[in-house]
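Knowing the structure of chain X, use the given hints to seat chains B, G and U on it.
Order-wise, the sequence lines are chains X, B, G and U.
Heads up: the first sequence begins at 1 in the numbering used here, then just goes up one per residue.
Heads up: the second sequence begins at 1001 in the numbering used here, then just goes up one per residue.
Heads up: the third sequence begins at 2001 in the numbering used here, then just goes up one per residue.
Heads up: the fourth sequence begins at 3001 in the numbering used here, then just goes up one per residue.
Calculated from the structure, these hints are not laboratory results.
Be aware that one or more of the hints could be misleading.
Pair ranges (Cβ atoms, derived) [stated by the list, open to error]: (1) G:Pro-2224 with U:Asp-3382: 25 to 33 angstroms; (2) G:Pro-2298 with B:Ala-1124: 52 to 60 angstroms; (3) X:Lys-185 with G:Trp-2171: 50 to 58 angstroms; (4) X:Arg-369 with B:Trp-1171: 52 to 60 angstroms; (5) U:Glu-3297 with B:Gly-1345: 52 to 60 angstroms; (6) G:Thr-2348 with X:Gly-130: 52 to 60 angstroms; (7) X:Arg-369 with B:Glu-1297: 57 to 65 angstroms.
Glycine included, each C-beta is placed from N, C-alpha and C at the ideal position.
The residues making up each chain are set out below.
4 protein chains.
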Amino acid sequence: MTESAQSLGIAMVGHAFMGAVHSHAWRNVHRFFDVPLTPRMVVLGGRDEQRAKEAADRFGWAAVETDWRELVRRDDVDLVDICTPGDTHAEIAIAALEAGKHVLCEKPLANTVAEAERMAEAAARAEARGVRSMVAFNYRRVPALSLARQLVAEGRLGELRHVRAVYLQDWLSDATAPMTWRLRKEQAGSGALGDIGAHIVDAAQFVTGEHITGVSGFVETFVPHRRGADGADEDVTVDDCAVFTGRLSSGAVATFEATRYALGRKNAMRIEVNGSRGSLAFDFESMNELWFYDGDEPGETAGFHRIVATEPQHPYVGAWWPPGHGLGYEHTFTHEIADLLRAIGEGTSPQPGFADGLRVQRVLAAVERSAAEGARWTQVDDMK
Amino acid sequence: MTESAQSLGIAMVGHAFMGAVHSHAWRNVHRFFDVPLTPRMVVLGGRDEQRAKEAADRFGWAAVETDWRELVRRDDVDLVDICTPGDTHAEIAIAALEAGKHVLCEKPLANTVAEAERMAEAAARAEARGVRSMVAFNYRRVPALSLARQLVAEGRLGELRHVRAVYLQDWLSDATAPMTWRLRKEQAGSGALGDIGAHIVDAAQFVTGEHITGVSGFVETFVPHRRGADGADEDVTVDDCAVFTGRLSSGAVATFEATRYALGRKNAMRIEVNGSRGSLAFDFESMNELWFYDGDEPGETAGFHRIVATEPQHPYVGAWWPPGHGLGYEHTFTHEIADLLRAIGEGTSPQPGFADGLRVQRVLAAVERSAAEGARWTQVDDMK
Amino acid sequence: MTESAQSLGIAMVGHAFMGAVHSHAWRNVHRFFDVPLTPRMVVLGGRDEQRAKEAADRFGWAAVETDWRELVRRDDVDLVDICTPGDTHAEIAIAALEAGKHVLCEKPLANTVAEAERMAEAAARAEARGVRSMVAFNYRRVPALSLARQLVAEGRLGELRHVRAVYLQDWLSDATAPMTWRLRKEQAGSGALGDIGAHIVDAAQFVTGEHITGVSGFVETFVPHRRGADGADEDVTVDDCAVFTGRLSSGAVATFEATRYALGRKNAMRIEVNGSRGSLAFDFESMNELWFYDGDEPGETAGFHRIVATEPQHPYVGAWWPPGHGLGYEHTFTHEIADLLRAIGEGTSPQPGFADGLRVQRVLAAVERSAAEGARWTQVDDMK
Amino acid sequence: MTESAQSLGIAMVGHAFMGAVHSHAWRNVHRFFDVPLTPRMVVLGGRDEQRAKEAADRFGWAAVETDWRELVRRDDVDLVDICTPGDTHAEIAIAALEAGKHVLCEKPLANTVAEAERMAEAAARAEARGVRSMVAFNYRRVPALSLARQLVAEGRLGELRHVRAVYLQDWLSDATAPMTWRLRKEQAGSGALGDIGAHIVDAAQFVTGEHITGVSGFVETFVPHRRGADGADEDVTVDDCAVFTGRLSSGAVATFEATRYALGRKNAMRIEVNGSRGSLAFDFESMNELWFYDGDEPGETAGFHRIVATEPQHPYVGAWWPPGHGLGYEHTFTHEIADLLRAIGEGTSPQPGFADGLRVQRVLAAVERSAAEGARWTQVDDMK
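Looking at chain X on its own, in the form it has when it is part of the complex:
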């Protein structure tokens, strides 16, 4: 933050888990990063006024709006941050972009490819007018994963052969855990596939710098009914897990698994990449570490390096603490918003944009079509 930094009026829609963590980032980003624009936390959107007010008070927003359409129209708002369930993303994001507001949208970008396409088109039109948009794949901003991307881009892995990515959680392992909106297709779009599978699909594409071109897989719902808040059983209409194989544009071979039933794995977002010159491995449960195998080293001392990614030369870390003083989950959002503010300030396109979000959506749709057709190999580009 510098004396001359201009401010940017922020509106946020939604105030559950994602709202809490985004608020934290908006509140603190300029305390650590030299961003060209200082965020003003102008208004929080929520349908229930009382609950929205409580959240605004706690999170530090100056006002509330119960109608997102009002919020999008406000003159004191320059950017809309969308933290609502996926079925609402398209409508809000497109309206905001058309109103000339920059947009940060939580992932997955949308619940369908069709929605995602409309959003990407709206983003492209807005981009031409200098209005920016970003989809919140926050794991790209884990310093260790950002470092992984750098090493691949520098050619340290050589020709890529393998990606294996899993996202393992266990909060549904207990068959008596209650029904939530995340298990209803009409709101969540899909289950583990869209919620956490989206993250590893994006991570695989981000770290490798490639596209997933085809997939084959299937999904499963282990517990078909759950008890709702009203005490009645309700059908679970989304997948509990998804497993699929895939190909990257270079021909590399990939495997993916997203599940909420890996008992004991709390948030194990893992990715390993093997190339002809080196390999990388990451596990979010140890988020400050990146493992790197340098195939150019003599065999006597070769071995996976446990890089504690907390050195000043590691991405984003210089803004924080001395080496070995690890970062946490919410830092990834602060980094994301720092990059977004810089892009807006500099007039460049923030990454990942809605086109990236659409590409993830197409991969997810390809998995669903493959699953519906006996795991048949499915091209991602054919996806609508």
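Chains B, G and U alone, transformed into the frame defined by chain X:
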């Protein structure tokens, strides 16, 4: 070994890597385990007499035979141990069984399902006459994996939801590594799939006590030609890696990957199983450890237990050293042969038998068919 | 934060590393914790007005003072947070307490036992008037270490036999690294011993609930001169490392090491405790994990549990994110300040108090005396 | 083993744990290593003839002797391997050496410095006559630790600053575990100090290539009485644990701990060394791994390498299995005996010799004297 132990005449065919490790087990098994039969290392089979003699001298075999047919017929031979490439297994094993010799056969059981079926039929006929047969899936005898099987059998994992198994090596990562028989389809049958994929297919079925009922996947050959001993390029006619999803008989969801291109992973045979009550994880690179998550524990102290599987109450360990004094790779063969000798002595069927080997073969064939048909879902029982 | 929360005016002295992290905690604590008092960031103290203003602007303080005496006197200040080098702690803290301000003081409490005693006496006098004081041993508020304390207090470890604690850094490994105030005895008091040794001494006493009664050890300065900012060599007048053995009040045997020369160890603050019923191990480089061995478990499945201390029932964690979404270094300060605000609001004594800081100081002094007298066993209570 | 290899007649005294593992090495060494002398397992010494015969039968010794004096005199014996408790080492070893037999002696070399000195003198006299002697610090032959020594010798660690070594076991944690000879001073000499402390003292000296010049420490006996086989309580007359600090000849700072009360640690023989250019860490519970930090690497990718020490270029490994196929505890003895046979065959001095054993003994004696004198700093060279 007891005073009254009878002896068993052993013949072994093949004296490369597997021959060395089997010899070690035959030489030492009765020094640690109270087996009802003491092995006599009677004869070693090898086509080149000079090389066979050198191997026999080194490994401790009393004589050599250059023709396996002679070896199988010898009166002083009670058991034939087959350590040759897969294309020779069927002929030798069937001849040995028909000659009334017990058989231990290296994995994969055969190069085709048809051969494996004939072997399983011969084994069943021999069994009726008290002649025993076993296929050498040695990883079942890693104490930690054997303990894993026990915990599943005791119900400690509850209803099984997930299996994820990989076998990662890197000895072909270097595109200039030379041609070997393991890369020729006519000798090896397949590449990573049959060589190391067979191990994780068996391990998944062993640990869960279930069958793989269907699969979908594909294979890849990254380096299509390699330089042979004669200096000329030769086509690689087997897969370099195989990736596939699958289902177990209980409905559990499984993923598999076998590769020789995971740079930095030397022999990472890994399996994780998640159930409704518990989870297990194993990595052969830390072969003396089993990780167990007990879902019945209170959340405050729940976590994956790092079980150092070197306690007297762990399988096979009581025969060896005090706690914390780890075992190595070759112990798995000593355990296997101890169990085989006990089964022969007690007149029971050793595990895994040729029927188990056939079942693995059918899974591998299903993967190959699926791969040939666009990753289409393929039932294992349809395999011929 | 509730509507009815009263506010508390905060002044902070010092704005380097500790100032940055304390500011972050003051700015955010009430966003996550239901504290009875909301902090107002009133004034930042710093000798150089320009630099203080820049820091205040970045960190979010409303005003600056260049004379800490003025700051301590201000009516709008209720609490003074001391983040300056150790040689200034006593004077500022005592003045603040006498002015009726609550005090939070960075560790080590002071540079000498005599200063620490005067501070503890001042704190005791203030306490009688309802004025609270706390020393900032932030590692107590790592959720995993706080959980460790709980498990010991619940008797899960039984009778304690061993403590082994190390604090390993490497920022002085490079003999050409420049001179800093931390290497001058008159400012820093001591080197690794007081800076990081203090943390493990406090952690050992905190986790066990015991006192260190005697020690034997020595210190070393590996690099006796370093280049200063003016280009001239300057003597290093503090220790580079300290190693010592010790006894706890229960008779348990302890070992300690603090060093800035453990190349590759960035911030490895580690402690392991072994008891007759259980054991615990922690390493700050993996700060979200606690390892717990439960000796009451049957040997078959016993093993160190890797507790990922991010569950709602773990200390402090409920205020943050879902399981598996790890916390970082600065959270420990937020927790510390939340506890301090609660204690002030509830009229109780915050922990650790200045008496705890004094006790740590006495242990450090005993180590220095032992070091000066040929590692002779030295009683802690004799220390002045 | 080559056709032309001559044989060496071996006698072994003692047939408990160490006898079992030494027998295994004698039986197998020439099957894997090209040693110039093939061992003949001539005779096993044991006081109880029946038990000795059973052990000889199981372990593969051709005959037994109940009087070690007879055994030492036999013409068909070229080497005496001493696996008895420490109080008998000196008498047997000196008699054997004087009879012109090579000697392999288990550690610790003796129960007192005086005995060890007499043994070292006898060894020096025998050496002049071409009679060799070795003390069995088997951990030197863990491939990972042998590699550690190589890296230090190559200067990869630079100037050494720190050694921290612990040997943690837990078999006495249970206060009701029964009395054994290992807890009687007259037989065992000392407790954890001599039994396992000896190993880490030797390892520290071996890996660094330096001597421990001074120590300060203390010992403790947590459980003073234990129930004997006869049902009566008996005094424990040795230490349960020992902790000490020390100096190496280069000035490096060291810490040591040996205990049998570290609940959950089964055989955690650990050593870490930090230098100005690099660091090394090893834990026997993961015996096939060496961790190496290369300070010359750029900070971006620097990190401890997890070297899986199973590559052909790693010490001893070429004789065994392919990469990633780990070795176990007993391999260290096979390596030791391979080196001993080579030294005898080549007419060189095997390492470590009795002089090395004596040096370890002096360190242990210095620890005991320091413990007796209030942890006072004690020079190792003054020890008698």
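These are the hints, each one checked on the structure:
1. G:Pro-2224 with U:Asp-3382: 25 to 33 angstroms: holds, 28 angstroms
2. G:Pro-2298 with B:Ala-1124: 52 to 60 angstroms: violated, 40 angstroms
3. X:Lys-185 with G:Trp-2171: 50 to 58 angstroms: holds, 53 angstroms
4. X:Arg-369 with B:Trp-1171: 52 to 60 angstroms: violated, 37 angstroms
5. U:Glu-3297 with B:Gly-1345: 52 to 60 angstroms: Hint holds: Cβ distance 57 angstroms, inside 52 to 60 angstroms.
6. G:Thr-2348 with X:Gly-130: 52 to 60 angstroms: Given a distance of about 56 angstroms, which is inside 52 to 60 angstroms, the answer is holds.
7. X:Arg-369 with B:Glu-1297: 57 to 65 angstroms: The hinted range 57 to 65 angstroms is violated for Arg-369 of chain X and Glu-1297 of chain B, with Cβ atoms some 41 angstroms apart.
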